[in-house]
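J.: Residue-level listing of the chains:
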Amino acid sequence: MNIHEYQAKELLVAQGIPVPMGEVATTAEQAGDIARRLGGAVVVKAQVHTGGRGKAGGVKLAKTPEEAREKAQAILGMQIKGLTVEKVLIAPAADIASEAYVGVIMDRASKAPVFMVSAAGGIDIEEVAATNPDAIRKLVVDPRYGLLPHQAYLLATELYQEPKQQRAAAKILQQLYAAFVAAGASLAEINPLITTPEGEVRAIDAKFNIDDNELFRLPAIEALRDPSSEEPAEVDAREAGLTFIKLDGNVGCVVNGAGLAMATMDLVKYYGGEPANFLDIGGSSNPEKVVNALRIITSDPQVKVILFNIFGGITRTDDVANGIVTATRQSPIDVPIVIRLTGTNEEIAVKILSEAGFSAMTDMDEAVKRAVELATGEGK
Amino acid sequence: MSILIDKSTRLVVQGITGRDGSFHTRQMMEYGTSVVAGVTPGKGGQTFEGRVPIYNTVEKAVKEGGANTSVIYVPPAFAADAIMEAADAGVQLIVCITEGIPVLDMARARPYVLEKGARLLGANCPGLLSAGKSKVGIIPGHITEPGPVGLVSKSGTLTYEVVFKLKAAGIGTTTCVGIGGDPINGTSFIDCLAAFEADPETKAIVMLGEIGGTDEQEAAAYVKANLSKKVVGFIAGQTAPPGRRMGHAGAIISGSAGTAEEKIQAFRDNGIGVAQRPLDVVGLIREVL
Numbered sequence: 002m003n004i005h006e007y008q009a010k011e012l013l014v015a016q017g018i019p020v021p022m023g024e025v026a027t028t029a030e031q032a033g034d035i036a037r038r039l040g041g042a043v044v045v046k047a048q049v050h051t052g053g054r055g056k057a058g059g060v061k062l063a064k065t066p067e068e069a070r071e072k073a074q075a076i077l078g079m080q081i082k083g084l085t086v087e088k089v090l091i092a093p094a095a096d097i098a099s100e101a102y103v104g105v106i107m108d109r110a111s112k113a114p115v116f117m118v119s120a121a122g123g124i125d126i127e128e129v130a131a132t133n134p135d136a137i138r139k140l141v142v143d144p145r146y147g148l149l150p151h152q153a154y155l156l157a158t159e160l161y162q163e164p165k166q167q168r169a170a171a172k173i174l175q176q177l178y179a180a181f182v183a184a185g186a187s188l189a190e191i192n193p194l195i196t197t198p199e200g201e202v203r204a205i206d207a208k209f210n211i212d213d214n215e216l217f218r219l220p221a222i223e224a225l226r227d228p229s230s231e232e233p234a235e236v237d238a239r240e241a242g243l244t245f246i247k248l249d250g251n252v253g254c255v256v257n258g259a260g261l262a263m264a265t266m267d268l269v270k271y272y273g274g275e276p277a278n279f280l281d282i283g284g285s286s287n288p289e290k291v292v293n294a295l296r297i298i299t300s301d302p303q304v305k306v307i308l309f310n311i312f313g314g315i316t317r318t319d320d321v322a323n324g325i326v327t328a329t330r331q332s333p334i335d336v337p338i339v340i341r342l343t344g345t346n347e348e349i350a351v352k353i354l355s356e357a358g359f360s361a362m363t364d365m366d367e368a369v370k371r372a373v374e375l376a377t378g379e380g381k
Numbered sequence: 029m030s031i032l033i034d035k036s037t038r039l040v041v042q043g044i045t046g047r048d049g050s051f052h053t054r055q056m057m058e059y060g061t062s063v064v065a066g067v068t069p070g071k072g073g074q075t076f077e078g079r080v081p082i083y084n085t086v087e088k089a090v091k092e093g094g095a096n097t098s099v100i101y102v103p104p105a106f107a108a109d110a111i112m113e114a115a116d117a118g119v120q121l122i123v124c125i126t127e128g129i130p131v132l133d134m135a136r137a138r139p140y141v142l143e144k145g146a147r148l149l150g151a152n153c154p155g156l157l158s159a160g161k162s163k164v165g166i167i168p169g170h171i172t173e174p175g176p177v178g179l180v181s182k183s184g185t186l187t188y189e190v191v192f193k194l195k196a197a198g199i200g201t202t203t204c205v206g207i208g209g210d211p212i213n214g215t216s217f218i219d220c221l222a223a224f225e226a227d228p229e230t231k232a233i234v235m236l237g238e239i240g241g242t243d244e245q246e247a248a249a250y251v252k253a254n255l256s257k258k259v260v261g262f263i264a265g266q267t268a269p270p271g272r273r274m275g276h277a278g279a280i281i282s283g284s285a286g287t288a289e290e291k292i293q294a295f296r297d298n299g300i301g302v303a304q305r306p307l308d309v310v311g312l313i314r315e316v317l
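Chains as they are written, first to last, in our numbering: chain A, 2 to 381; chain B, 29 to 317.
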């Protein structure tokens, strides 16, 4: 799950990290009022779940409240990488003497959290990692002990020469690790971490990605979710306990298991079609899940055919068959359905389907070919 | 022969009285797996199906039931602790089926298990099956029969698809291992490749990977450097968009890293035959057997 910058900053503040916060506005008038309250120059920042906001024109400096209102007017409603800006953060503009990068990610290769710090801040860390890896200092954390004080200090000495700044940065790094753990994050970064002309260390921008598997035990983090920034069908699917990702094609796919779901999409493409979605109904299926899956897929007007590919293991194919029959009785579906199922309770499933007027196939390739023919109009 | 499990496997089921745990315990027993104990805290002293003793702790299941392998079907909130409990009790092979365990929990449990000298398979995996001998986890027993192919995979149902197609072509397996789709897991492709290389009955190997991370690329380099046996591979997710988690927590293309193309190229560069479709695994395996 992604969260907004202002939410990420709140997570940092909760651990005691010095962050010039500002306030969030949803209208230009609010933005002007906030700028007036803050006094002095402000930065108007688009709150969308993507990087590269600055390059896209979603981050602007405003010297007066009137200017803040105008900039907010321009940024609100703007499209950044396909996402509409619904909120702007009005933050006090900081005087910056130096910029650094600090972040912690859950690293698959190290199988542990890894800190990355660089004195070259305010930058795209992935770009620096690719072009100038020596400019980044990495440190693997043992998650059973957390970031140890001497490790935090060691990283801080990579960033600053002044003892006072080193101590301040070491404290911030430990607080950042605490925020990473408390939020169940897979990534937590401060970019840039600045020094002011007076020598104070401050966090100016923050980004967190949350491990979805943590959300069941972190209701306060789950509450940060912004459904308006997600595809409505994906929100609907998540609430129904399904993993759904919308794609651009016209072959709707309902599959059990993530690997088989991906392989099914690939096979649609192989036979000349385009998948409309990724959809995994999960292991322990029940008919209700299938009903929801059909509702979500048919809400996409592009879908020309629905393809079921079920290899019953834990998933009982009769549950899937019952779901198909129930769903089509509740509301008739006006696109053809191609059903492939095999495995657990296959005979019962085939009987349920044939009594309701559906036929089922047992071979995956044959079913995918048939679905692609129907989608492209060649099968009619 | 086979790898990791066989007729000497003595299994304890953690979470034996739950919905999934009880269903799959019956399936494993039907297949012939020696299930010697179950664990459900608070239900110690009862029996499962009138013949498998239930204990409160894994320690008791090992000491009194003689278990040497465990399989875990407990909810995500308790799974990492269940893994570490099994390691503390001296279990040698710990198979965790549970899906949805927080990654940070796995990052803590993994080194804990390694330091106790045990092996963890998973989490978020279908377990493993040594054809005709033993199955631990959720892989359906009827989909394969004894034969010369070793299979290692990140996915459950994709594994079933491929071994079922092999069976239809008259080709059976030694052991099928699902290592799971989480970003941090206990057993890697390389661990399984090494075990298959050492197993005299395994004549050829199937490796089923997917987008995300670098496990497949590292495994491909390992194959070239260390294996005498032929390997056939398939990568799922050629049509997956970048930046989206495709069901499995680990199946995500980050930026331009972890794509199917990159992994397929790594397979080709290291002498691994690449199947375009799951069905093509059958033809490629025939060629190398």
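Any given hint could be a false lead.
[Said to hold, decoys possible] Quick list of simulated restraints, FRET-style, between CB atoms:
(1) GLY273(A) with LEU317(B): 26 to 34 angstroms
(2) PRO134(A) with THR75(B): 57 to 65 angstroms
(3) PRO270(B) with GLN162(A): 54 to 62 angstroms
(4) LYS165(A) with GLU290(B): 41 to 49 angstroms
(5) GLU290(B) with PRO134(A): 53 to 61 angstroms
(6) LEU188(A) with GLU58(B): 41 to 49 angstroms
(7) ILE218(B) with SER300(A): 27 to 35 angstroms
(8) ALA221(A) with LEU317(B): 54 to 62 angstroms
(9) ALA226(B) with PRO134(A): 52 to 60 angstroms
(10) ALA196(B) with ALA183(A): 47 to 55 angstroms
(11) GLY83(A) with ILE218(B): 46 to 54 angstroms
The hints are simulated quantities; they were obtained by calculation from the structure and are not laboratory data.
Here the structure is a predicted model, which is why all the values come from computation and not from measurement.
We put the CB at the ideal spot given by N, CA and C, even for glycine.
J.: Taking the hints in turn, state whether each one holds.
T.: A quick look at each hint next to the structure:
no., hint, in the structure
1, GLY273(A) with LEU317(B): 26 to 34 angstroms, "32 angstroms, holds"
2, PRO134(A) with THR75(B): 57 to 65 angstroms, "59 angstroms, holds"
3, PRO270(B) with GLN162(A): 54 to 62 angstroms, "39 angstroms, violated"
4, LYS165(A) with GLU290(B): 41 to 49 angstroms, "46 angstroms, holds"
5, GLU290(B) with PRO134(A): 53 to 61 angstroms, "19 angstroms, violated"
6, LEU188(A) with GLU58(B): 41 to 49 angstroms, "45 angstroms, holds"
7, ILE218(B) with SER300(A): 27 to 35 angstroms, "44 angstroms, violated"
8, ALA221(A) with LEU317(B): 54 to 62 angstroms, "56 angstroms, holds"
9, ALA226(B) with PRO134(A): 52 to 60 angstroms, "37 angstroms, violated"
10, ALA196(B) with ALA183(A): 47 to 55 angstroms, "51 angstroms, holds"
11, GLY83(A) with ILE218(B): 46 to 54 angstroms, "39 angstroms, violated"
Against the hints set out earlier in the document, violations occur for numbers 3, 5, 7, 9 and 11.
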